[in-house]
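There are 2 protein chains.
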Amino acid sequence: MNIILLSGGSGKRLWPLSNDVRSKQFIKLFKDSDGNYESMVQRVYRQITEVDPSAKVTIATSKSQVSAIHNQLGDKVSICVEPSRRDTFSAILLAAAYLHDELGTSVDDVVIVCPVDPYVENSYYECVAKLEASVKQGTANLTLMGIEPTYPSEKYGYIIPENNRDISSVKEFKEKPNIKTAKEYLKKNALWNAGVFAFKLSYLLDKAHDIVEFSDYRDLYVIYETLPNISFDYALVEKETSIQVVRYSGSWKDVGTWNMMAEVMADDIKGKAIMDETCENTQIINELNIPILAMGCKDMVIAASGDGILVSDKERSGYMKPFVEEISTGVMFAEKSWGTYTVIDAQQGAMTVKVSIRAGEHMSYHSHDYREEVWTVVSGKGKATIDGMEQVLCVGDVIAIAAGCKHMVEADTDLDIIEVQIGESIIADDKKKYEIER
Amino acid sequence: MNIILLSGGSGKRLWPLSNDVRSKQFIKLFKDSDGNYESMVQRVYRQITEVDPSAKVTIATSKSQVSAIHNQLGDKVSICVEPSRRDTFSAILLAAAYLHDELGTSVDDVVIVCPVDPYVENSYYECVAKLEASVKQGTANLTLMGIEPTYPSEKYGYIIPENNRDISSVKEFKEKPNIKTAKEYLKKNALWNAGVFAFKLSYLLDKAHDIVEFSDYRDLYVIYETLPNISFDYALVEKETSIQVVRYSGSWKDVGTWNMMAEVMADDIKGKAIMDETCENTQIINELNIPILAMGCKDMVIAASGDGILVSDKERSGYMKPFVEEISTGVMFAEKSWGTYTVIDAQQGAMTVKVSIRAGEHMSYHSHDYREEVWTVVSGKGKATIDGMEQVLCVGDVIAIAAGCKHMVEADTDLDIIEVQIGESIIADDKKKYEIER
Numbered sequence: 001m002n003i004i005l006l007s008g009g010s011g012k013r014l015w016p017l018s019n020d021v022r023s024k025q026f027i028k029l030f031k032d033s034d035g036n037y038e039s040m041v042q043r044v045y046r047q048i049t050e051v052d053p054s055a056k057v058t059i060a061t062s063k064s065q066v067s068a069i070h071n072q073l074g075d076k077v078s079i080c081v082e083p084s085r086r087d088t089f090s091a092i093l094l095a096a097a098y099l100h101d102e103l104g105t106s107v108d109d110v111v112i113v114c115p116v117d118p119y120v121e122n123s124y125y126e127c128v129a130k131l132e133a134s135v136k137q138g139t140a141n142l143t144l145m146g147i148e149p150t151y152p153s154e155k156y157g158y159i160i161p162e163n164n165r166d167i168s169s170v171k172e173f174k175e176k177p178n179i180k181t182a183k184e185y186l187k188k189n190a191l192w193n194a195g196v197f198a199f200k201l202s203y204l205l206d207k208a209h210d211i212v213e214f215s216d217y218r219d220l221y222v223i224y225e226t227l228p229n230i231s232f233d234y235a236l237v238e239k240e241t242s243i244q245v246v247r248y249s250g251s252w253k254d255v256g257t258w259n260m261m262a263e264v265m266a267d268d269i270k271g272k273a274i275m276d277e278t279c280e281n282t283q284i285i286n287e288l289n290i291p292i293l294a295m296g297c298k299d300m301v302i303a304a305s306g307d308g309i310l311v312s313d314k315e316r317s318g319y320m321k322p323f324v325e326e327i328s329t330g331v332m333f334a335e336k337s338w339g340t341y342t343v344i345d346a347q348q349g350a351m352t353v354k355v356s357i358r359a360g361e362h363m364s365y366h367s368h369d370y371r372e373e374v375w376t377v378v379s380g381k382g383k384a385t386i387d388g389m390e391q392v393l394c395v396g397d398v399i400a401i402a403a404g405c406k407h408m409v410e411a412d413t414d415l416d417i418i419e420v421q422i423g424e425s426i427i428a429d430d431k432k433k434y435e436i437e438r
Numbered sequence: 001m002n003i004i005l006l007s008g009g010s011g012k013r014l015w016p017l018s019n020d021v022r023s024k025q026f027i028k029l030f031k032d033s034d035g036n037y038e039s040m041v042q043r044v045y046r047q048i049t050e051v052d053p054s055a056k057v058t059i060a061t062s063k064s065q066v067s068a069i070h071n072q073l074g075d076k077v078s079i080c081v082e083p084s085r086r087d088t089f090s091a092i093l094l095a096a097a098y099l100h101d102e103l104g105t106s107v108d109d110v111v112i113v114c115p116v117d118p119y120v121e122n123s124y125y126e127c128v129a130k131l132e133a134s135v136k137q138g139t140a141n142l143t144l145m146g147i148e149p150t151y152p153s154e155k156y157g158y159i160i161p162e163n164n165r166d167i168s169s170v171k172e173f174k175e176k177p178n179i180k181t182a183k184e185y186l187k188k189n190a191l192w193n194a195g196v197f198a199f200k201l202s203y204l205l206d207k208a209h210d211i212v213e214f215s216d217y218r219d220l221y222v223i224y225e226t227l228p229n230i231s232f233d234y235a236l237v238e239k240e241t242s243i244q245v246v247r248y249s250g251s252w253k254d255v256g257t258w259n260m261m262a263e264v265m266a267d268d269i270k271g272k273a274i275m276d277e278t279c280e281n282t283q284i285i286n287e288l289n290i291p292i293l294a295m296g297c298k299d300m301v302i303a304a305s306g307d308g309i310l311v312s313d314k315e316r317s318g319y320m321k322p323f324v325e326e327i328s329t330g331v332m333f334a335e336k337s338w339g340t341y342t343v344i345d346a347q348q349g350a351m352t353v354k355v356s357i358r359a360g361e362h363m364s365y366h367s368h369d370y371r372e373e374v375w376t377v378v379s380g381k382g383k384a385t386i387d388g389m390e391q392v393l394c395v396g397d398v399i400a401i402a403a404g405c406k407h408m409v410e411a412d413t414d415l416d417i418i419e420v421q422i423g424e425s426i427i428a429d430d431k432k433k434y435e436i437e438r
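Protein chains in written order, with this note's numbering: chain A, 1 to 438; chain B, 1 to 438.
Careful, some of the hints might be misleading.
Pairs involving identical chains hold if they fit within one copy or between any two copies, as the list cannot separate such chains.
Claimed, not checked - Derived lysine-lysine pairs resembling DSS-like cross-links, with alpha carbons at most 30 angstroms apart:
(1) 130 / 56
(2) 155 / 298
(3) 336 / 321
(4) 63 / 321
(5) 136 / 188
(6) 321 / 155
(7) 76 / 136
(8) 433 / 336
(9) 12 / 270
(10) 253 / 155
If you are wondering where the hints come from, they were derived from the structure by calculation, not from laboratory data.
Make a model of the complete structure from these sequences and hints.
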């Protein structure tokens with residue numbers, strides 16, 4: 001299978017674990033069969049390759065997610081980076097062109113587009129394989145997956161099929177309905193639109209040429225910002241007459257809110273936390289170094305990270321967005337290609353950060369115009385390059401880096417540094433990158 | 001009035017705001033009439049001096065509380081430091097000897113012993129003044145305060161008076177009863193024993209000489225550890241036949257648990273926190289730099305400090321002791337005579353601390369055998385003394401202090417330093433103090 005996984009942008013609905021630079025798909029709350037924690041994106045990749053060990057997965061995503069994907073999946077997946085933010089039509093088109101022009105995928109090959117965030121059983125990817133088989137048979141231009149509804153939901157778009165067979169042509173699409181209308185749809189064997197689309201690569205590229213003028217992937221990349229900002233559904237799906245839907249009746253959960261995430265996370269407690277015996281139906285995720293004690297909590301989710309602490313009734317957790325927008329802390333934690341970056345103290349004119357670099361990795365060679373930095377090595381070994389001079393680093397070593405001075409660290413073993421930043425204006429943008437001079 | 005305030009030891013019942021070095025009486029959750037936050041000990045001192053502006057207050061306490069008392073009350077109170085931990089008989093005796101031998105209080109003066117932790121109205125201290133007046137009249141050797149019960153409590157000892165007049169002689173004392181017995185006591189006009197005792201100084205000193213052999217305060221201080229470890233009630237009160245009780249019917253709250261503290265704290269939120277509109281009867285105290293978002297919380301208390309995070313149903317919060325004992329973090333925050341000490345990161349072999357020194361203050365001149373320290377000044381100005389050499393400190397200055405090296409900082413303005421400690425074994429006991437060489 002050729003799968004394009006759409007790994008969408010940052011979200012705040014799983015605050016404080018998701019933020020502007022950390023999407024929910026990278027939070028490790030699930031477990032694999034060996035009992036190791038895995039993230040949404042790791043779980044999806046594992047499930048796809050369990051169903052089809054030869055599957056080729058390309059993740060369509062933004063630049064900000066590249067480090068996290070590399071950290072979590074290594075080189076096992078291809079990554080198609082969107083140069084700016086557009087809706088799904090452009091994102092899928094760019095990824096399709098990437099498959100064709102960069103990975104050499106044949107125009108006769110089937111491509112299946114899947115969202116990265118539903119929590120499902122492996123049978124979901126067996127159904128995805130059915131979509132592929134169906135496209136190969138050539139009975140329709142576009143094949144979708146429809147989820148058998150478990151209740152008349154107002155949250156999803158509906159597909160009305162011609163009949164209730166496993167594979168049926170599509171009669172019509174319906175927007176998110178109210179409950180009464182949803183109930184009527186259910187009587188007509190309606191299905192939830194899962195956002196899974198399968199087609200021959202040639203189909204999409206041909207159609208796209210009708211809508212956009214472009215030569216190839218590189219051209220699309222350059223003109224990306226000028227592409228129409230419309231959804232794949234609106235641009236193609238709803239206009240296509242040769243279209244069919246494959247019915248999926250297994251479990252499918254949209255883990256976009258803490259209420260749902262709490263239901264499927266592997267352990268009731270992750271991190272330092274204690275619940276007394278009177279807690280009921282409560283989950284705690286604690287990424288802080290300090291312990292949480294919960295007593296008498298019923299139907300609650302408690303989540304703590306460097307960004308903040310959420311204590312919420314599960315039902316209410318779906319309504320947090322306006323409150324989280326009000327809470328305007330800077331980013332306190334970031335996953336980098338080389339390790340992690342955790343703000344441990346911030347005050348006017350200074351910020352203290354714990355920088356952890358994995359063995360063998362190094363940060364970019366860079367300088368800051370408006371701040372100096374003091375590094376103190378607290379564990380591990382490595383090398384620093386300061387204005388072109390290399391220097392061995394051991395525990396206890398201190399390096400003062402003046403504003404304008406180029407610097408970087410390379411870790412021989414896992415390396416922890418306490419970095420004190422000092423300056424009137426400490427902002428992420430104050431960074432110039434350089435090639436390493438050697 | 002001569003008042004001895006018993007400021008007892010560390011407690012964990014208001015964890016995470018109280019810990020081994022920070023007692024509940026120093027947490028600032030109340031407000032004075034100007035709207036400034038004040039602690040239990042500040043509130044009590046303010047109330048005493050509102051009722052009697054010439055009151056002399058001596059706080060009987062342990063060494064660990066001296067800095068906090070100085071920080072919060074300055075030189076307005078005398079402090080009698082217990083050299084070790086003994087029960088109330090020895091603590092009160094030491095304080096009484098301190099009043100007589102160190103402060104020159106006459107043996108004919110009345111002394112009133114009060115606990116530091118009830119939350120009361122000023123009328124409580126008017127009642128304390130009544131105790132003093134009653135002792136002066138000489139109608140009994142010992143005069144106690146009895147709180148008019150508001151319900152048949154199992155939590156307090158009871159005083160059964162001879163009659164229900166304002167001042168009555170005491171018929172007998174009763175231990176904490178069960179509810180049924182408590183109800184019977186209430187029918188007999190019984191009062192809660194509030195731990196308030198008034199007597200002439202000569203009475204206590206004479207009685208004490210019958211129990212303990214000692215010459216004066218300094219002698220008592222030296223032999224303190226050998227003094228009987230018994231309560232004042234057991235040693236004297238329950239054996240005294242010339243004893244009376246003054247009835248107090250005003251409000252009186254024992255704020256020993258979060259349940260009670262939440263009821264009397266000045267604001268529902270202290271620190272960075274947001275509650276959504278569905279929260280009910282919930283209080284949040286947040287000493288961390290990161291925000292708390294509470295949604296749909298009912299009858300809860302949420303408290304966060306560098307030591308940990310409590311999320312508790314109010315009713316359950318009284319049962320936290322065994323859980324808090326299980327949570328064995330080191331002390332993450334300490335109030336010092338010169339400012340504050342906050343652990344911001346801890347890992348094997350290293351600890352990062354934010355040291356904040358108030359303008360004009362300085363830490364002790366000291367050294368560590370088993371750790372080095374790196375200081376980076378992040379705000380303010382001051383002077384460091386390193387192995388006898390004085391050095392001016394400005395923002396951005398870095399000082400590396402090897403193990404064995406003597407060091408201290410003096411703040412010219414408020415001064416913040418990030419201190420990275422590095423060593424195999426980082427423990428509070430690894431500290432030698434010196435006189436400053438100048």
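Here is what the structure says about each hint:
1. For a Cα distance limit of 30 angstroms, the shortest separation of residue 130 from residue 56 inside one copy, 16 angstroms, qualifies, whereas the shortest one across copies, 87 angstroms, does not.
2. In this assembly of identical chains, the alpha carbons of residue 155 and residue 298 lie at most 30 angstroms apart whether taken from the same copy (26 angstroms) or from different copies (28 angstroms).
3. Proximity of residue 336 to residue 321 under the C-alpha cut-off of 30 angstroms is restricted to the intra-copy arrangement: shortest distance 26 angstroms within a copy versus 40 angstroms between copies.
4. In the homo-oligomer, the alpha carbons of residue 63 and residue 321 lie at most 30 angstroms apart inside one protomer (24 angstroms), although the nearest pairing across protomers, at 48 angstroms, exceeds that limit.
5. Within a single copy, residue 136 and residue 188 get their C-alpha atoms as close as 28 angstroms, which meets the 30 angstroms cut-off; across copies the closest is 93 angstroms, which misses it.
6. Proximity of residue 321 and residue 155 under a CA criterion of 30 angstroms is satisfied intra-copy only: 16 angstroms inside one chain copy versus 45 angstroms between copies.
7. For the identical chains of this complex, residue 76 and residue 136 are intra-copy neighbours only, at 26 angstroms inside a copy versus 89 angstroms across copies, given an alpha-carbon limit of 30 angstroms.
8. In this assembly of identical chains, residue 433 and residue 336 lie within 30 angstroms of each other by CA distance solely inside one copy; the values are 15 angstroms within and 43 angstroms between copies.
9. For the identical chains of this complex, residue 12 and residue 270 are neighbours both inside a copy (20 angstroms) and across copies (25 angstroms), given an alpha-carbon limit of 30 angstroms.
10. With identical chains, the CA atoms of residue 253 and residue 155 are at most 30 angstroms apart within one copy only, with a shortest distance of 12 angstroms there and 50 angstroms across copies.
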